[in-house]
Structures are given as C-alpha cells and as structure tokens.
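Kindly generate the complete structure, drawing on both the sequences and the hints.
If you read the protein sequences in the order shown, they are chains D and L. Plus 1314 on top of the position in the first sequence (first one is 1) and you've got the numbering used here. Plus 19 on top of the position in the second sequence (first one is 1) and you've got the numbering used here.
Among the clues, some could well be false.
Stated by the list, open to error - DEER-style ranges, computed between Cβ atoms: (1) L:K144 to D:L1347: 14 to 24 Å; (2) D:M1396 to L:V116: 26 to 36 Å; (3) D:L1353 to L:V133: 16 to 26 Å; (4) L:K29 to D:W1363: 50 to 60 Å; (5) D:L1353 to L:S122: 30 to 40 Å; (6) D:R1364 to L:L141: 44 to 54 Å; (7) L:P39 to D:W1363: 35 to 45 Å; (8) D:D1393 to L:D119: 19 to 29 Å.
I should point out that these hints are in silico values taken from the structure, not numbers from a laboratory. All C-beta atoms in this analysis are idealised placements derived from N, C-alpha and C, irrespective of residue type, glycine included.
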Amino acid sequence: MSHFDRIVVGAHYGLKDWLAQRITGIVMALYTLFMAAALLAGVNGQEGWRALMSHGFVRFFTFLFIVALCWHAWIGVRDIWMDYVKPAGIRLTLHSLTAIALIGYAGWAIQVIWRL
Amino acid sequence: MPELIKPRPKFLNLFAIRLPLAGYASIFHRVSGIGLFLMLPLLIWLLDKSLSTPDAYAQFKAVFDCVLVKLLLVGLLWAFLHHFCMGVRILLLDIHVGIDKASAHNSSIAVMAVSLTLTAVLGAKLLGIY
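This is the structure in structure tokens:
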C-alpha cells in the first residue's frame, strides 16, 4: 500500500492512540488498587456500598475510570477490527458500532454514579 | 541467487504454530479484552441495580446469586486480572524493564501465576466457598 492509499478506517499511524492506551491503562490500574483497598477495608451492605460510591472523591475517580475504560476499549477493539477485518466498508460499520456502543455505555455508567 | 527470490508459501496454520508462553499471555490479553468489552452491558447493569433502590438491589441480588451468572463473573474476574497483570507487564516492557529473553519469559510466567492465583482466591470468595 502506498502512503497515498490511506483508508478512512486506518490507524492514522500516530503515537497518540498508543499513548492514550497506556495513560488510560494506568488510570484504571490505580483505580483498581484504590477500590481494592476500599473494599478490603470493608463495606457494610447496600448502604455502605452506596455511601462508598457516592463519596465525592470516589465518584470523581469512578468518573475518570469510566472515561478511561471506554477510551481504552475503543482503541483496543478498533485494533482488533483492523487486524482481522480487511474490507473498508465492513470495518467502518464495526468501528462505528463499537464507538456508538462505548459512548452509550459511558453515558449510562456515568449516570449510575452521578445520580447518587 | 535465484533460490532467495523464490516465492515462499504463506503459511498460517494455527495448529502448527508453537507459541512461547509470552505469546499465549499476549493472545489471552486480547481474548480477555474482548470478553470484558462484550460483557460491559451486564457489568454496568449490575452496578446500576446494586446502587439503586432496595427493589433494584433485590433484582441485583437475584441475578448476582444465579450460579451461571456467578460462573460468568468468575470468567470475567480472570479476564480482568489477566488483562491487569499483562497490562502492567506491557507498561514495564515499554520502559525497557525486562526486555531480555529470559526476563520476558519469566514475567509471562508471573502474569499467568498471579492472575490465576488471584482468580482462584477471589473466585472462590465470589462463589461463596469460604
């Protein structure tokens, strides 16, 4: 493929996504350790669970986690489509469905924690 | 040297390729990522119900206590733990920690060992074994 032959569903051959994958991964890893510690400290029934998740800092961190997760999943799933699906039309469809699903999931999950 | 430009057959027989352990750890990273992505609606639904009204919490408990759901969650627990451990390994490789062949092999053993051990310990808890 010559470099004039770029397709719209290519990777754009940049560093940005690679770096975003790392940064979002680190955010999620830190959140995981934080939540593991919080859960190990003990949660008392549903009231305790709600109290933990509605705490200001936890909610802020959970919000970051949700955004990081969806961004991370977007790059990862897109990479899989790019590895295995070659026809540009099908790939574009799968990319679009993946992005739409992840945006919807992000909205849903943020709503779950933000209404607390 | 004409033998060098002979067209060689492209050969990708997945059953004839022997992957090193790091190769398996890597493909499991991909498989676990897909699994987590596909099950996101279930996970968000569980989070939603678990944080909502007492009625919704009862709904959450009913689904959460179903054995098949629990087995699925143990699978997802493994997926998460493997993806987490492998992710840490990838980040270390990115900053050139453990890139020689022996350390890379050892770190892939560590990824498998830690993720499987934690899955066993936390999964047994999830299944109510202790």
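* Which of the numbered hints above does this structure break? -> 6
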